[in-house]
Amino acid sequence: MALNWFAPKQGVRRRSLAEAAEQDSIFSGASVGPGTDASLAWPEVVRQLGQEVTMSLNAASEQLERLNRLEPSLVRSLVPITESVERARQAGMAAQHVLRLCEDPPPQHREVLNLADVVRAVLTARGDWLKRRQVSVRQGLTQTQVFADSSMLYMLVDELVQWAGHMTTHIAVAVDKSRTTSRPRLRVSAWCDPAQVPDALWRGMRWTLWHQLARTLGAVSRLDMRDDHLRVTLSLAPVTDQQLTAAVEDSAGLSSVSAVIRGCRVLIISANAQRRAQCLQALGGYGLVLDIAEDMQQAERLALQHPPDALVHDASVNDGAIDRLRDQLHARSGTPAAAIEIHDQGGTTDFHASTVGSVSTGHVAAGALNQSLGPALVFELCKMM
Numbered sequence: 004m005a006l007n008w009f010a011p012k013q014g015v016r017r018r019s020l021a022e023a024a025e026q027d028s029i030f031s032g033a034s035v036g037p038g039t040d041a042s043l044a045w046p047e048v049v050r051q052l053g054q055e056v057t058m059s060l061n062a063a064s065e066q067l068e069r070l071n072r073l074e075p076s077l078v079r080s081l082v083p084i085t086e087s088v089e090r091a092r093q094a095g096m097a098a099q100h101v102l103r104l105c106e107d108p109p110p111q112h113r114e115v116l117n118l119a120d121v122v123r124a125v126l127t128a129r130g131d132w133l134k135r136r137q138v139s140v141r142q143g144l145t146q147t148q149v150f151a152d153s154s155m156l157y158m159l160v161d162e163l164v165q166w167a168g169h170m171t172t173h174i175a176v177a178v179d180k181s182r183t184t185s186r187p188r189l190r191v192s193a194w195c196d197p198a199q200v201p202d203a204l205w206r207g208m209r210w211t212l213w214h215q216l217a218r219t220l221g222a223v224s225r226l227d228m229r230d231d232h233l234r235v236t237l238s239l240a241p242v243t244d245q246q247l248t249a250a251v252e253d254s255a256g257l258s259s260v261s262a263v264i265r266g267c268r269v270l271i272i273s274a275n276a277q278r279r280a281q282c283l284q285a286l287g288g289y290g291l292v293l294d295i296a297e298d299m300q301q302a303e304r305l306a307l308q309h310p311p312d313a314l315v316h317d318a319s320v321n322d323g324a325i326d327r328l329r330d331q332l333h334a335r336s337g338t339p340a341a342a343i344e345i346h347d348q349g350g351t352t353d354f355h356a357s358t359v360g361s362v363s364t365g366h367v368a369a370g371a372l373n374q375s376l377g378p379a380l381v382f383e384l385c386k387m388m
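Its first residue numbered 4, the sequence shown is counted upward by one per residue in this note's numbering.
It is worth saying that the hints were derived from the structure and are not from the lab. Incorrect hints may have been included.
Stated by the list, open to error - Pairwise CB distance ranges, derived in the manner of DEER restraints:
#, residue 1, residue 2, range
1, Pro201, Ser181, 26 to 36 Å
2, Asp202, Gly266, 41 to 51 Å
3, Asp231, Ser181, 17 to 27 Å
4, Glu74, Ser319, 17 to 27 Å
5, Ala274, Leu81, 18 to 28 Å
Keep in mind the model is a prediction, meaning the values are calculated, not measured. The beta-carbon is built from N, C-alpha and C at its ideal position, and this holds for glycine as well.
Whenever a hint applies, use it, and build me the whole structure from the sequences.
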């Protein structure tokens, strides 16, 4: 289910410049001379624009980050420029994301989920981002079950939170059931005067992206505008009795070995939102307390507040930083924390363990998270007990 939506499809032959000039003209007609009634191939235009914008702004963002490490005081004065570069970069990435959703949507693994838990996971992962922007979030989250793909639902909520957070410093997120239709609802409100918000800000690429995500999930959206706020309401598919029964049976089917780790706290660390959602999905039926972080700074803060029994991380996190965090946790609690590293290399086994001295680490292939992450975590945690 984990797809790199921005990577070229496998098996596609690279074309020569001559072929590209002849076959990949953005005009779809046979002739492109004056007076030709040719229509633009808009997906190709969007793809090319998104790639060019993203590549250029990725380079600019990297230069600003490098400058920040060398001259932090100088970069602080360039914050407006940095934010503008990041907004434009995100718009380019969103354009590619929308196009891939339309042309090559990923397969969905639908299951019974608690919508309130998904929202909490998003708000936790976006904690630092919201804090930097001084955005306060009022929450009203009722336990509400939905039948959806966890990765897609996570991305939808995440995009909505960012969309609202770019418009105002006061947003509200609510989860409940409609009194008239009994369908699960997600409501995101941005408290501001809509007339004072530039149209390009609230109807930009992020607006287009969350709409496409909602369509892919089969959600119905509605926009309400008032003098003091905008509110988006998403109605999602309700859970049927058959789906709920199957979910209960799956949950009850855990082995006695798996039951041993119920209640353990696991900290998931990844800069990739989709990867974090995959881990939440893979570990959803084990009765674990799951925390998520998008970088080591956030991970260290969460670990200080609630020391985890296990760490799950991928290549976006520095191995040395993970080792230091494990040492700190061991020194504080006297018990070593289990660790699972997710790797992207092809041609490797779904799960294997390695030991350096007395420190054991489990290794799980990214393509096998759904079937291997849970058992691997059971294996590593049981060794620590």
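To see whether the hints hold, each was checked on the structure:
| no. | hint | in the structure |
| --- | --- | --- |
| 1 | Pro201 / Ser181: 26 to 36 Å | holds (32 Å) |
| 2 | Asp202 / Gly266: 41 to 51 Å | holds (49 Å) |
| 3 | Asp231 / Ser181: 17 to 27 Å | holds (23 Å) |
| 4 | Glu74 / Ser319: 17 to 27 Å | holds (26 Å) |
| 5 | Ala274 / Leu81: 18 to 28 Å | holds (23 Å) |
Checked against the numbered hints above, the structure breaks none of them.
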